[in-house]
Structures are given as structure tokens and as C-alpha cells.
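Going down the list, the protein sequences come from chains A and B. When we follow the numbering used here, the leftmost residue of the first sequence carries the number 1, and every step to the right adds one. When we follow the numbering used here, the leftmost residue of the second sequence carries the number 255, and every step to the right adds one.
These are calculated hints, taken from the structure and not from any lab test. Here the structure is a predicted model, which means the values were calculated and not measured. Take the hints with a grain of salt, since some may be wrong.
Stated by the list, open to error - Below are the BS3-like pairs computed for lysine-lysine, each with C-alpha atoms no more than 27 angstroms apart in a straight line:
no., chain 1, residue 1, chain 2, residue 2
1, A, LYS90, B, LYS390
2, A, LYS12, B, LYS530
3, A, LYS7, B, LYS259
4, B, LYS534, B, LYS493
5, A, LYS12, B, LYS394
6, A, LYS90, B, LYS259
7, A, LYS90, A, LYS249
8, A, LYS90, B, LYS527
9, B, LYS465, B, LYS493
10, B, LYS484, B, LYS269
11, A, LYS90, B, LYS496
12, B, LYS429, A, LYS249
13, B, LYS493, A, LYS12
14, B, LYS493, B, LYS530
15, B, LYS534, A, LYS7
16, B, LYS429, B, LYS394
17, B, LYS259, B, LYS465
18, B, LYS259, B, LYS438
19, A, LYS248, A, LYS7
20, B, LYS259, A, LYS248
21, B, LYS530, B, LYS484
22, B, LYS269, A, LYS248
23, B, LYS259, A, LYS249
24, B, LYS484, B, LYS429
25, A, LYS112, A, LYS248
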Amino acid sequence: MNWVLLKKLEQKNRLLYWAFTGVIVFYFAMVVMMYPMIIDMMSGENSGMLGDFTAGWDNIGIYAVSLISEIVFSFGMILFVMLVFRLVHKPIEGGSLVPYLMVGISRTTYIKTVAAYLGMKLLLLFVLVLSIGMLSFVALGETFIFTDFFLSVLMAVLALAAVIFVSFFIASVRPGMGLIIGIPVVFYLMMLLSQLYSGIEFLRWFSVFGWYDATGLAVGDGGLWWLVAIIYISMIAASFIFSARIFKKRNLGL
Amino acid sequence: MIEIKNLNFTYASGKGIFDINFDVRVGQVVGFLGPNGAGKTTTIRCILGFMNGQSGTVTVDGLDAFTMAPQIAQRVGYIAGEPAFPENMTGREFLEFLINARVSESGGTGLDMREMTERMETLLEYFELDSTHKIKRMSKGMKQKTAIISAFLHDPQIYVLDEPSSGLDPLMQAKLIDLLQSEKARGKTILISSHIFEEVERTADRVIIIKDGRIAAGEQVATLKKSQRKVYNLATTEKPEKVQSTFADIAIEMSILENGDWEIVVNATDVNKFIKSAAKLELTDLRTRVITLEEIFMQYYAKNDGGAV
């Protein structure tokens, strides 16, 4: 990893990162403020496409669903796909990778540095969402179970990271941007479709986002969440390792 | 310093470079000429390790160009044909970033940060570049100057320059040529690809001409000039018909210039015949015109293309 490059990547993408993170935090705060109204809207006759998910749930359940379907996955996915595009696809296809390579930064170092940057930003997102969530609960005097909330946020960020590193892998090994954007979007749509009604719930197995039981996890019954977590971590590691190996040998039209 | 042996790289379209062989020795300046699509950039990509030939070898300073690219980058100054820069940086921020990154990767070899910064200031002044502007707002000429300075920053032993004067005004082109000549005098090795023949002619010891992905010629500039066609300007009182009939067997081209003189182009192998034929005429003047590199280049491209380039 090259620290000079890492610092430059951070400076270059600071505005984009904080703009999206700001939206995520703002949205999160809004959900908290509107918590009583959401409970009312989503109960009984007003239950929407997501179903009557307040039945038997506490505020953690609301958070889990809003986290997964709206905040971390959607905004986070857009943010990190944009970062992958800016840090991997565009420098390779546009030629701005040349100055980095010509100062002696190896391809492997470049890929490692970008992966480290993405990893740090995902970790920061995790910390921010966790902190803002906990602060919001405390501020509103809500009760919550730390472990359940922690695991909900952790799994959401891990799922996002797994999808983003698949995009990262694609951007590293082949030209064209269709799959870089397309694969995360397909995963996201599959997850949304699987929530429409129980007949197509199986679609969630086709989406990386849907491999763990988010709502169950939120109420302390996540099943084999740890196994899914291992799969996500394995996906991230495999994507990174193969990205570095293939990128090192790839012919670059710079 | 740069050695290419039997290099092949074929794109899916069937185009590419085929059986490329040449070297650039220490202290040599070699011009690399060819039109767009001839294979210059592909060859340069292989030299810099961006691409790996499907067969053959490329070494720079004895190191394999593909596997040892980061080590080679420490010794090479490169100007891309179409320089691209990271976004949202001023010229100065970009150059300072390159200095910092280079120092972080150099492992203590080469110039230190202070020396590179001094060199940057000297080059900024030399090329009269205001580096406080954002690069994306710079004119093409300013971007090109930034790319040139970035290649010269670390005082490398080897330069690989792809159209280095592209976008520069004539004054700056002349300054670049002066700089290249001074680097040549310092014993630097330079491979320069250019469409500006004067630039190559004034700096290069040797020229390599690439055509359709194959090396068409690789000679000393002086040898090329001697071995190619000769151009003679002659003034005579003879009638045009007689002049034409005298040189009909040996002249490749014959024309009357604005001042009434004749310009006659013959093959270098026919010089003797030309002199003997010319002696049969009443001449008032006979001069040899120096053939330019551009004309030599055009000859190579005219050979198999029915005269069209």
C-alpha cells in the first residue's frame, strides 16, 4: 500500500463520500424522528408492500428494515459503485493511471491501496451508522438491544462490502462499465422484488443482499448469520485477491 | 538500454505489431516514426510494461519491461501521446504529488524531495507554466507542459516520449527541442515518437520507421538521407523537351520550379548516371537540395501504397 496515494485518494473523494454519508445520516435521523409515525403507518390496514412488519417487532425491527432496504444498501451502493468507477474503471480506461504507474507504484500496490481505501470507508460507514443509531435511540429514550443492533448494522455493511468488492473485481479485470454498475443493481432489485410477496421470496437467494435474515437478526434470531458473515468475508477476500492477481497481468490500453 | 526482440502483439481486430526488433543504446536518441495506427503506441506500451507481448522480449536497462515495470518507472521519464491526469488537482498539486509518491516508492535511490522540487521550479520557469490552475481548466498546451515537466522531474536516465510537442506553440516546441538536445548532451537515452519531423531530425541519431506493425527501416539519420533519393536543382538554357529526354530514364520526379529551375529527383544509386547526363546539357547552376526526414518518411510510405500516405 502507498500512503501518499491513499492520502490523495482520500482528498480526491472526500466531498463525494461525505455528501452521500451526510444523506445517509440525515435519512437515518429522519427515520428516528418519525419513528412513532412509521409505527402508525406500517401497522394494521396501512401495512404496505413490506407487509405488517411492526407486528411483534420493536424499534430495532424498523431500523433493520430501513437500514437494509433504504439506507445502507441503496445510498451506500450508489456511493461505493461511484467510488469503484472513479478509482478503478476511470483511471484505467481514461489513462489517468499512467502518472501513478510512472512514479513506480506497482499495479498490485495501486489495487491494494484502492481496496484499503474502500475498506476504510466501509468501516467508517459502519461506525457512523452504528453511532448515529445508538445516539438517536438514546436521545429519544428508546430501548434497544446493543448486540442485535450491532449485528444488523454489521451484516448490512458486510453485505454491501461483498457486493462492492464484486464490482471492484470486475472493474479491475475487464473493460466496460456495464457489469460494474449492473451487478449491484440486479442484486438490489432482486432483494426488493423478493419482498413484494411471499410467492417470489425465493428471489432473495439470487441477491447477495438477501442471504441473511435481516429482520430475524434485528430481534435476536438471526439464524446462521455468522455463516453468511463468513461467506461475505470470503467473497470480499477472494474478490480482492483475484483482482490483484489478474490486474497485475492484464494488458492495459493506457 | 532499451532492447526489443521479436516482439509480437496482435489485437482481436488482427492489427498489432509483428516481429519488432530494435534497440536504443545508452546515450542514443532514436526517433520512432509512423502514422496513426502503425503500431508506435503499442510498442511504447510494451516498453513501459502496460502491455505484455504475446511473444518476444522487451527489456529496459536489462530488466523485463512487464514484470519489472515499477523498477523501470524509476528510471524512465514518459510523456503519453494523450496525457491524462487525476481529477481536481492544480498543476503544482499534481507535480508535488508525483514527487512525494516517487520518493515513497524509490527506496532512497534517485533524487530526493528537495532536488526534485528544485528541478520542478526550474522546469516550471523554463516552460513558463502557471501551475496554479486546475489541470482540467488548462489549455492543451498547458496540459502538455505539465506532462513534459512530470517526465523530466526526477532526472531519469531514459526518456520515452510519445508526441512530446503535441499542442505546444512553436516557441515552446523550440524550447523542448533545446531541452532534449541538452539531455542528449548529458548522455541520456531517448526514444521519441513524433509527427514533427524537425523535432526528430534535430535530436535523433537514428530513426526507426514502423509501417503496418512492422519495422520498415531502422537507420542512422545521416545514412537514411544518403541512401535514399537525391534531389537536384539545376538551371539550364536548354529547351524543356531536351531536359526531359536527357533525364527520362533516371528521374523519378521532374518539375520546373517557380524561378524556372528544374528539380530532378533520382535514386541514390543513379547519382553517377545523373551527373553524366547533366554534363550533356548547358548548365548555369547545379545544386543538391538536402532531403528532409519527412520526405524520407513519405518515400517509405509511398513505396507500397501507390504514392498515397
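Worksheet item: Has the given pair, LYS259(B) with LYS248(A), been kept, meaning a C-alpha gap of at most 27 angstroms?
Response: Measuring from Cα to Cα gives roughly 23 angstroms; hence the hint holds.
Worksheet item: If you draw a straight line from the CA of LYS259(B) to the CA of LYS438(B), is it 27 angstroms or shorter?
Response: Cα-Cα ~25 angstroms, so holds.
Worksheet entry | Restraint status (C-alpha distance of LYS493(B) to LYS12(A) at most 27 angstroms) | Judged against 27 angstroms, a Cα distance of about 75 angstroms means the pair is violated.
Practice prompt. Take a quick look at whether LYS534(B) and LYS7(A) sit within 27 angstroms of each other, Cα to Cα.
Written response: The hint is violated at about 79 angstroms.
Fill in: Pair hint LYS269(B) and LYS248(A), alpha-carbon separation not exceeding 27 angstroms
holds (24 angstroms)
Discussion item. Would the hint linking LYS259(B) and LYS465(B) be met if the CA-CA limit is 27 angstroms?
Written reply: holds (17 angstroms)
Worksheet entry | Given hint LYS530(B) paired with LYS493(B) - CA-CA distance at most 27 angstroms | Holds, because 18 angstroms separates the two Cα atoms, which is no more than 27 angstroms.
Discussion item. Against the 27 angstroms threshold, does the CA-CA distance of LYS484(B) and LYS269(B) hold or violate the hint?
Written reply: Measuring from Cα to Cα gives roughly 34 angstroms; hence the hint is violated.
Practice prompt. With a cut-off of 27 angstroms on the C-alpha distance, tell me whether LYS12(A) and LYS530(B) pass.
Written response: violated (73 angstroms)
Discussion item. Given the hinted pair LYS534(B) and LYS493(B), is their Cα-Cα distance within 27 angstroms?
Written reply: Roughly 13 angstroms separates the two Cα atoms, so the pair holds.
Practice prompt. Would you check the hint for LYS90(A) and LYS390(B), treating anything up to 27 angstroms between C-alpha atoms as holding?
Written response: holds (15 angstroms)
Worksheet entry | Hint consistency between LYS12(A) and LYS394(B) [alpha-carbon to alpha-carbon, up to 27 angstroms] | holds (23 angstroms)
Against the hints set out earlier in the document, violations occur for numbers 2, 3, 6, 8, 9, 10, 11, 12, 13, 15 and 24.
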